[in-house]
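S.K.: So you can see what is in the structure, the chains are spelled out below.
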Amino acid sequence: MATAEFDVPELQEYVDVPEVEEGTMAHLKPFVVTNPEHNTDLGFPGELVEDWHGKTLEKLDDLRSRYRSLQVYLDACVKCGSCTDKCHYYLTTKDPKNMPVGRQDLLRKVYRRYFTFAGKYFPKLVGAEDLTRETLDDWYSYYHQCSQCRRCSVFCPYGIDTAEISMAAREILDSIGYGQKYCNEIIAKVHKVGNNLGLPGPAIEDTLEGLEEDVFDETGVEVKFPLDVKGAEILLVTPSADFFAEPHVDGLIGYAKVFHEAGVSWTLSTTASEAGNFGMFIGSYENMRRVSMRVREAALELGVKRIVFGECGHAWRVAYAFLNTLAGPFDFLDPDYPVPQHICEFTKQQIDAGKLTFDKSQNDDMTITFHDSCNVARATRMGDKPGGQMDIPREVIKAACNNYVDMDHNTIGERTFCCGGGGGLLTDDLMEIRVKGALPRMTALNNAVQEHGVTHLAAICAICKSQFTKVMPYYGMDMDQVVSVHQLVSNAIVLTGQRTEDDEEEQDEEA
Amino acid sequence: MPIEVNGKTLETDEEGYLVNLSDWEPAVAEIMAKEDDLELNSEHWDIITFLREYYEEYQIAPAVRVLTKAVGKKLGKEKGNSKYLYALFPYGPGKQACRFAGLPKPTGCI
Numbered sequence: 001m002a003t004a005e006f007d008v009p010e011l012q013e014y015v016d017v018p019e020v021e022e023g024t025m026a027h028l029k030p031f032v033v034t035n036p037e038h039n040t041d042l043g044f045p046g047e048l049v050e051d052w053h054g055k056t057l058e059k060l061d062d063l064r065s066r067y068r069s070l071q072v073y074l075d076a077c078v079k080c081g082s083c084t085d086k087c088h089y090y091l092t093t094k095d096p097k098n099m100p101v102g103r104q105d106l107l108r109k110v111y112r113r114y115f116t117f118a119g120k121y122f123p124k125l126v127g128a129e130d131l132t133r134e135t136l137d138d139w140y141s142y143y144h145q146c147s148q149c150r151r152c153s154v155f156c157p158y159g160i161d162t163a164e165i166s167m168a169a170r171e172i173l174d175s176i177g178y179g180q181k182y183c184n185e186i187i188a189k190v191h192k193v194g195n196n197l198g199l200p201g202p203a204i205e206d207t208l209e210g211l212e213e214d215v216f217d218e219t220g221v222e223v224k225f226p227l228d229v230k231g232a233e234i235l236l237v238t239p240s241a242d243f244f245a246e247p248h249v250d251g252l253i254g255y256a257k258v259f260h261e262a263g264v265s266w267t268l269s270t271t272a273s274e275a276g277n278f279g280m281f282i283g284s285y286e287n288m289r290r291v292s293m294r295v296r297e298a299a300l301e302l303g304v305k306r307i308v309f310g311e312c313g314h315a316w317r318v319a320y321a322f323l324n325t326l327a328g329p330f331d332f333l334d335p336d337y338p339v340p341q342h343i344c345e346f347t348k349q350q351i352d353a354g355k356l357t358f359d360k361s362q363n364d365d366m367t368i369t370f371h372d373s374c375n376v377a378r379a380t381r382m383g384d385k386p387g388g389q390m391d392i393p394r395e396v397i398k399a400a401c402n403n404y405v406d407m408d409h410n411t412i413g414e415r416t417f418c419c420g421g422g423g424g425l426l427t428d429d430l431m432e433i434r435v436k437g438a439l440p441r442m443t444a445l446n447n448a449v450q451e452h453g454v455t456h457l458a459a460i461c462a463i464c465k466s467q468f469t470k471v472m473p474y475y476g477m478d479m480d481q482v483v484s485v486h487q488l489v490s491n492a493i494v495l496t497g498q499r500t501e502d503d504e505e506e507q508d509e510e511a
Numbered sequence: 001m002p003i004e005v006n007g008k009t010l011e012t013d014e015e016g017y018l019v020n021l022s023d024w025e026p027a028v029a030e031i032m033a034k035e036d037d038l039e040l041n042s043e044h045w046d047i048i049t050f051l052r053e054y055y056e057e058y059q060i061a062p063a064v065r066v067l068t069k070a071v072g073k074k075l076g077k078e079k080g081n082s083k084y085l086y087a088l089f090p091y092g093p094g095k096q097a098c099r100f101a102g103l104p105k106p107t108g109c110i
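Just so you know, the sequences run in chain order X and E. In terms of UniProt numbering, the first sequence opens at residue 1 and continues consecutively. In terms of UniProt numbering, the second sequence opens at residue 1 and continues consecutively.
Accuracy of the hints is not assured; some may be wrong.
To be verified - The list that follows gives simulated cross-link-like pairs (lysine-lysine, DSBU-like), each with its CA atoms no further than 30 Å apart:
no. : chain 1 : residue 1 : chain 2 : residue 2
1   : X       : Lys29     : E       : Lys79
2   : X       : Lys192    : E       : Lys95
3   : E       : Lys95     : X       : Lys29
4   : X       : Lys109    : X       : Lys29
5   : E       : Lys79     : X       : Lys224
6   : X       : Lys192    : X       : Lys59
What the hints contain is simulated information worked out from the structure, not anything from laboratory work.
The shape of chain X in the complex, shown without the other chains:
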């Protein structure tokens, strides 16, 4: 429902770079953890510690020595201004602290004050400032208005990664007991139950049984959704939203149909029932590792030979870039396949091998465009060619659909605009920044709708899909216009032995 307590920007032909207006978003802060267990379960103090000043500086010092990159990012900025108009949140809120450089400076000014010669003795000359309680609140506010999408870093001549700075800031805040409710509560659920939503095994089982029924009713083919099957070849790790939400679940049905037609044995796991890894959002190596270890343990216990990840953006970053160092070595898996593999890559291989048959006309009621998810586009790859993470999902869509159009090239690929809800911001208490931050993406989509008759937006990220279903109504579009890539596959795939429309007519006649 699209009633807002804030001004929703109007869609124009393009998004203008606004004049700076200080403090427009200073009021926005996500809920702080109130149940101390949501901090302590993650290894953080239950509430704000008394000696937060000393502990904050101690943690900052620790992080800059642990992560060389952070030290370089804090030192290297020359204030060239390249990043200023690249952030979707700055473009739509005008708040200079939402400029990537402004956001970085919140941490940088404290770093300079306490850890550089010039900042210690001539703070005013170098923009160094004391650490105060107000600084902490500013960090809490503005580092939770960054979706860690890394679009700014594409344009920074030094490659400064604002996401890494925002992760460091969140880690510092967590380390003094000033954590965000949304992320920390969810990570606590993963540690306890096994997935972000907190779905216990029996609930997953019940949901999967229901899906088997639905697919059978629709196609007459017994497509299985196996759970905890020992000795299966493939372990599928997918966001728990795929069990729970729409249009995510339609993507899950698509994966199952592809596995079925490919003739491989596969399984889901109740203990590793989450691809997402919010440990990354809060910059916590320890939590990211704990979450990742669940995947390793499930793979070992089930004795699988391959691991495939479902449609989840940041999960694919963790899986592609960090899984081996976090939870490796994976020498017990089949070395002939990538560890892990993306579901789009898997499906593309089956298409290339001629194992899948499509009736593309089943998607003829739609004209599709594809939203590149930040973490997939800018932090990973798929397949064995550069740019595969952009090309492969599009090739999968085109194999299943007749009508496909890209959005403005400045808003896709590695320049993709964030959906507005990534990086731990997908919570109702941040709706204002989510709706505003979606404007550049919505503008590009709307142009594609007006110029090319696009009807649907496909995505390969649970967060993107949920964010779009919530924010599109604010821009006069419909939540049903968001689809999973494997939902399109599911619509068009013709299963071996599938009941055809002619069969159904015959049945009707007999009846």
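Keeping the supplied structure of chain X fixed, place chain E upon it in accordance with the hints.
M.R.: Relative to chain X, chain E alone:
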């Protein structure tokens, strides 16, 4: 922000969900609905009752598809979809109806 129900003060979280699930009684749903300018009819109650039964069994709110399917079976196919549920609960069946039913808010990538 606690709510007053039948002379009792019940604790809720920042978003208005009951803190103690055992505090729930039908009047909780009525009062929460009134605050959202909704009047509960039997169709709303069908959903709320289903949510509570499902939660009792599985310790989690049902997935959207599980819910729409159950509604479709009980009330007819034309009602087994999200549109019908959103018409009843404008803020979303998962979030608004769960709150009325005294369930914790489902959170995650949804």
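S.K.: If a hint holds in the structure, say so; if it does not, say that too.
M.R.: Quick rundown of the hints versus the structure:
With a C-alpha separation of about 38 Å, the suggested pair Lys29(X) and Lys79(E) falls outside the 30 Å cut-off, and the hint is violated. For the proposed pair Lys192(X) and Lys95(E), the alpha carbon gap of about 22 Å is at most 30 Å, so the pair holds. A threshold of 30 Å between alpha carbons decides the hint, and for Lys95(E) with Lys29(X) the separation of about 21 Å falls inside it, so the pair holds. Between Lys109(X) and Lys29(X) the alpha-carbon distance is near 21 Å, which keeps this suggested pair within the 30 Å criterion.
Of the pairs offered as hints, the one joining Lys79(E) and Lys224(X) holds, with about 27 Å between alpha carbons and a cut-off of 30 Å not exceeded. Between Lys192(X) and Lys59(X) the CA atoms are separated by roughly 27 Å; this keeps the pair inside 30 Å, and the hint holds.
Checked against the numbered hints above, the structure violates only hint 1.
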